[in-house]
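Asks: Protein sequence lines correspond, in order, to chains A and B. Each residue of the first sequence is one higher than the one before, counting from 1 in the numbering used here. Each residue of the second sequence is one higher than the one before, counting from 1 in the numbering used here.
Just so you know, not all the hints are guaranteed correct.
Stated by the list, open to error - Only pairs whose alpha carbons sit at most 25 Å apart, straight line, appear in this in silico SDA-like list of lysine to any residue:
#1 B:K2 to A:Q88
#2 B:K214 to B:R138
#3 A:K146 to A:D231
#4 B:K2 to A:P490
#5 A:K2 to B:K214
#6 A:K2 to B:I124
#7 B:K2 to B:D376
#8 B:K2 to A:T446
#9 B:K146 to B:V227
#10 B:K146 to B:I124
#11 A:K146 to A:V118
#12 A:K2 to B:L60
These are calculated hints, taken from the structure and not from any lab test.
2 protein chains.
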Amino acid sequence: MKVVIVGAVAGGMSAATRLRRLGPEHEIVVFERGSEVSYANCGLPYHVGGVIPDRRDLLLQTPQSLRARFDLDVRVRSEVVAIDRQAQTVRVRDLDAGTEYLETWDRLVLSPGAAPFVPDLPGIERALTLRSVADADRLTALLREKRPATAVVVGGGFIGLETAENLHRHGLQVTVVELDSQVLAPIDPELAALVHAELRRHGVGLVLGAGVAKVLPDTVELSDGQVLPADLVVLAIGVRPETRLATQAGLDLGPRGGIAVDESMRTSDPHIYAVGDAVEKTDRLDGSSIPVPLANTANRQGRLVADVIAGRPARLTGRIGTAVVRVFDLTVAVTGWNEKRLRAAGRVHQAVHTHPLSHAGYYPGAVPMSLKVLFDPESGAILGAQGVGGEGVDKRIDVLAVALRAGLSAEDLADLELAYAPQYGSAKDPVNMLGYIAENIRTGMTRTVQWHEITDRVAAGAHLLDVRTAAEHAAGCIPGSLNIPVDDLPGRLADLPDGELIVYCQLGMRGHTATSLLTGTGHRVANLDGGYRTWSVATAELAPMLVGRSVAGT
Amino acid sequence: MKVVIVGAVAGGMSAATRLRRLGPEHEIVVFERGSEVSYANCGLPYHVGGVIPDRRDLLLQTPQSLRARFDLDVRVRSEVVAIDRQAQTVRVRDLDAGTEYLETWDRLVLSPGAAPFVPDLPGIERALTLRSVADADRLTALLREKRPATAVVVGGGFIGLETAENLHRHGLQVTVVELDSQVLAPIDPELAALVHAELRRHGVGLVLGAGVAKVLPDTVELSDGQVLPADLVVLAIGVRPETRLATQAGLDLGPRGGIAVDESMRTSDPHIYAVGDAVEKTDRLDGSSIPVPLANTANRQGRLVADVIAGRPARLTGRIGTAVVRVFDLTVAVTGWNEKRLRAAGRVHQAVHTHPLSHAGYYPGAVPMSLKVLFDPESGAILGAQGVGGEGVDKRIDVLAVALRAGLSAEDLADLELAYAPQYGSAKDPVNMLGYIAENIRTGMTRTVQWHEITDRVAAGAHLLDVRTAAEHAAGCIPGSLNIPVDDLPGRLADLPDGELIVYCQLGMRGHTATSLLTGTGHRVANLDGGYRTWSVATAELAPMLVGRSVAGT
Chain A
1 MKVVIVGAVA
11 GGMSAATRLR
21 RLGPEHEIVV
31 FERGSEVSYA
41 NCGLPYHVGG
51 VIPDRRDLLL
61 QTPQSLRARF
71 DLDVRVRSEV
81 VAIDRQAQTV
91 RVRDLDAGTE
101 YLETWDRLVL
111 SPGAAPFVPD
121 LPGIERALTL
131 RSVADADRLT
141 ALLREKRPAT
151 AVVVGGGFIG
161 LETAENLHRH
171 GLQVTVVELD
181 SQVLAPIDPE
191 LAALVHAELR
201 RHGVGLVLGA
211 GVAKVLPDTV
221 ELSDGQVLPA
231 DLVVLAIGVR
241 PETRLATQAG
251 LDLGPRGGIA
261 VDESMRTSDP
271 HIYAVGDAVE
281 KTDRLDGSSI
291 PVPLANTANR
301 QGRLVADVIA
311 GRPARLTGRI
321 GTAVVRVFDL
331 TVAVTGWNEK
341 RLRAAGRVHQ
351 AVHTHPLSHA
361 GYYPGAVPMS
371 LKVLFDPESG
381 AILGAQGVGG
391 EGVDKRIDVL
401 AVALRAGLSA
411 EDLADLELAY
421 APQYGSAKDP
431 VNMLGYIAEN
441 IRTGMTRTVQ
451 WHEITDRVAA
461 GAHLLDVRTA
471 AEHAAGCIPG
481 SLNIPVDDLP
491 GRLADLPDGE
501 LIVYCQLGMR
511 GHTATSLLTG
521 TGHRVANLDG
531 GYRTWSVATA
541 ELAPMLVGRS
551 VAGT
Chain B
1 MKVVIVGAVA
11 GGMSAATRLR
21 RLGPEHEIVV
31 FERGSEVSYA
41 NCGLPYHVGG
51 VIPDRRDLLL
61 QTPQSLRARF
71 DLDVRVRSEV
81 VAIDRQAQTV
91 RVRDLDAGTE
101 YLETWDRLVL
111 SPGAAPFVPD
121 LPGIERALTL
131 RSVADADRLT
141 ALLREKRPAT
151 AVVVGGGFIG
161 LETAENLHRH
171 GLQVTVVELD
181 SQVLAPIDPE
191 LAALVHAELR
201 RHGVGLVLGA
211 GVAKVLPDTV
221 ELSDGQVLPA
231 DLVVLAIGVR
241 PETRLATQAG
251 LDLGPRGGIA
261 VDESMRTSDP
271 HIYAVGDAVE
281 KTDRLDGSSI
291 PVPLANTANR
301 QGRLVADVIA
311 GRPARLTGRI
321 GTAVVRVFDL
331 TVAVTGWNEK
341 RLRAAGRVHQ
351 AVHTHPLSHA
361 GYYPGAVPMS
371 LKVLFDPESG
381 AILGAQGVGG
391 EGVDKRIDVL
401 AVALRAGLSA
411 EDLADLELAY
421 APQYGSAKDP
431 VNMLGYIAEN
441 IRTGMTRTVQ
451 WHEITDRVAA
461 GAHLLDVRTA
471 AEHAAGCIPG
481 SLNIPVDDLP
491 GRLADLPDGE
501 LIVYCQLGMR
511 GHTATSLLTG
521 TGHRVANLDG
531 GYRTWSVATA
541 ELAPMLVGRS
551 VAGT
């Protein structure tokens with residue numbers, strides 16, 4: 001059987017090599033429009049920044065190495081421009097020779113990827129993108145030859161922030177412009193606020209809630225009229241699935257504009273498959289169509305489509321979309337749904353915020369992180385998790401991703417046996433603590449209040465009780481709160497006002513203790529989830545907009 | 001209700017504070033024989049080594065702080081010397097005053113911990129142990145005052161190796177003496193061999209397969225007659241549950257010598273509970289009794305027993321025993337069963353060895369690790385996993401521990417969505433790769449051979465085929481192997497001998513490719529699991545003894 005694969009990066013190359021490992025019988029031809037195959041897409045920003053100085057390190061294979069080891073016929077600079085489904089052929093343009101020819105196929109695998117979205121704006125031709133090795137070469141050449149001093153990165157997503165950090169490494173004054181009120185859409189605003197602070201701490205400018213109106217020769221003009229210096233402009237406002245070929249061939253697209261495939265990666269034509277960033281995936285939680293443009297999912301699909309073509313049983317299960325990005329000294333990781341999406345979908349959910357240390361506090365080098373887990377308060381099912389901080393964030397999100405995927409409940413997290421030694425975690429690991437808190441909430445032992453609910457609750461007559469020390473209180477508190485340190489509380493019950501009490505401490509632990517101690521005293525009590533730290537970070541820049549939203553609806 | 005708790009470290013203190021958080025109604029009295037409560041046991045070796053210079057950092061609470069915050073009556077230097085079950089009292093000795101008194105209880109919780117095992121040997125009085133703050137103080141004082149130049153650490157378990165490393169930090173010439181043929185019994189010998197190399201690389205002496213015969217004034221004489229210089233002797237040959245009180249009170253012990261408890265931590269007396277290192281736990285895999293002397297399990301049990309006493313539904317599920325230890329630059333982590341135990345129990349199992357990098361190879365700083373996973377070849381159930389290497393070993397073992405606990409199969413590992421960016425992992429994460437390999441084996445696509453099976457297979461007529469480059473082959477190979485680099489293989493099929501072929505490469509990947517390419521050529525082919533690296537590490541020191549065992553039985 002002759003299998004033709006369009007696209008020689010993650011999904012396409014995984015399909016090709018897996019198919020060969022499954023047997024010598026297939027003829028396998030791979031077409032790649034670019035000059036490189038199987039390159040490390042995710043390394044491009046770091047090559048630009050000089051972290052990966054040698055460009056060759058990004059090139060994991062060559063057509064020659066693939067021919068030698070896997071007997072693959074890989075043709076670069078070869079663009080598939082049309083598919084004839086009836087005749088089972090593709091029309092291929094040799095980009096160097098300028099000629100075209102037909103190639104037959106028995107099975108066709110499309111892995112065309114996605115392209116950076118470029119909006120139609122005046123002057124946009126000057127803006128660069130960063131998706132391919134050719135893009136990285138252009139950007140690197142420009143940095144070397146023009147020595148730009150200022151840059152605007154449009155878009156505060158994963159690639160945007162990685163690019164901003166790497167331009168900053170070259171000494172450029174960089175400003176990130178993001179239309180939304182926060183960077184990194186997959187996480188919720190109170191965690192994104194930590195990333196905002198990190199960018200500013202490193203001298204990266206950040207403009208939120210504004211888009212680009214025009215690109216001028218040395219500047220960028222924003223939708224709010226601001227003009228930013230910009231010797232260099234990089235666009236990173238997301239990617240769009242490459243569906244031109246599929247559309248021309250009459251294959252079905254999905255509701256999100258990607259190529260529609262079934263669990264076996266089969267398109268609406270039973271002889272044509274598609275994998276990678278160009279196709280829509282199924283969300284594990286609600287079965288909806290989602291993009292998930294991630295290299296690991298592309299690799300997984302590529303391997304799987306080879307199995308399917310070889311007649312092995314294989315199907316892709318729903319995706320939860322785990323991801324991680326480094327932003328200067330922070331690690332930001334996420335799995336499953338965030339609260340914004342749960343709220344928009346009207347799904348009942350409970351959030352828990354904690355601020356644990358990466359490892360035992362008594363062992364040197366422990367650094368803080370902020371974790372948030374979302375679960376269904378009725379079933380206990382884990383719906384999503386996110387973390388921002390130093391060392392160990394990726395580990396906790398990976399653990400939570402497996403728990404989510406395996407269908408463990410939030411309380412089950414309490415009983416996970418995780419590797420503990422003081423360099424690696426705590427005897428009660430941050431993930432165990434999330435489970436303990438979830439169990440306290442689900443069994444009704446503790447009631448919690450979220451940071452964005454404070455304004456409404458106080459307006460409705462609740463009193464704020466700060467159980468931190470007097471010194472902590474003096475250094476910053478929620479306006480209008482009474483301060484009684486937790487250890488003084490038993491002796492000062494008479495000082496408490498009537499009505500609902502919202503207790504808070506710095507991180508949530510002492511607040512939990514105080515809340516427990518006050519249970520049975522006749523007060524209606526709730527603990528501020530995530531403590532003053534979550535509240536203060538979240539409200540510092542988000543309060544105006546989000547408290548407004550809370551009043552309107554939540 | 002009056003609850004008396006014996007022991008104020010992990011299990012006891014977790015029980016006390018949780019019980020108070022559940023309500024103000026109980027009177028809670030905690031007796032502690034030592035001078036300190038709630039101290040960081042796991043930090044003791046690092047305090048001795050000066051990594052945690054301030055002793056106060058190890059003391060997480062004081063009786064005063066516990067009284068203030070949790071209204072706990074904690075009495076240190078107070079040893080419970082007898083239990084009267086009929087009268088529901090304990091007899092308490094005030095170690096400072098030298099007096100004794102009775103204290104009544106409605107519920108009694110025993111958390112006496114475990115004590116270092118001290119064998120009855122000539123001169124043993126000179127040997128120190130490292131279990132309590134008092135032990136650490138003694139060791140620290142001796143290091144300061146006597147300035148010893150040499151030390152023998154008896155026992156190559158977790159505490160023994162941590163102690164050896166920390167004595168080495170003080171400049172002592174340290175030798176570890178271990179009766180078994182390997183250190184760190186929870187891992188298998190071919191991974192322990194990496195730890196042996198790490199110890200030797202740092203100049204720590206290692207004597208395996210020998211015990212201590214006598215402790216002399218400046219030396220230690222071993223069972224094999226060797227005499228080692230030893231200004232200092234530290235005993236770390238394991239702990240024994242503290243069961244004196246329980247035995248005296250007539251409570252049942254389990255088959256492993258610990259206090260027997262049910263899922264609710266109840267002993268054979270319905271009003272007496274026990275938690276922590278003194279009690280036996282249930283193995284999740286086969287339901288047998290196991291010790292699991294780990295701080296996180298003690299904490300978990302302490303919290304749980306408080307829930308039970310307060311009338312909340314709670315039960316402890318079977319343990320899988322995840323653990324981690326740092327040995328110089330190596331992280332060693334393990335979860336579930338190892339192969340030695342599976343073999344001894346006669347359980348059918350399949351091992352997979354890999355040697356992945358901590359993160360994408362093209363991003364700077366990637367370091368290698370060795371992972372091993374064990375699964376049931378019939379059901380696919382994960383039975384255990386272990387890892388030795390640099391950064392990221394703890395993360396992979398935690399992920400595998402959750403997968404094991406959640407009942408995922410080895411193939412399910414292929415589909416886990418783990419956080420990927422080049423600083424954190426690979427687009428095919430090491431855990432995904434384990435899943436891919438397991439799936440290849442379970443579906444019959446690939447056959448593998450283990451390092452310890454080579455001798456037998458060659459004796460039975462199999463031929464060894466090294467598919468690495470000529471340079472790699474020349475630098476070291478399995479004796480008697482033919483070298484045909486994988487990329488030359490298709491053109492050199494005629495050079496292959498008849499009969500079974502055992503293919504190997506450096507790490508296992510090229511071997512897998514070669515094995516796949518040779519399928520269909522009529523050869524019976526198997527790939528050496530873990531490649532030359534696993535074989536060479538394992539056989540370098542283990543071959544004489546283990547290949548011998550292999551011939552005899554495996």
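Asks: Provide an ascending list of the numbers of those earlier hints which the structure does not satisfy.
Replies: 1, 5, 6, 7, 12
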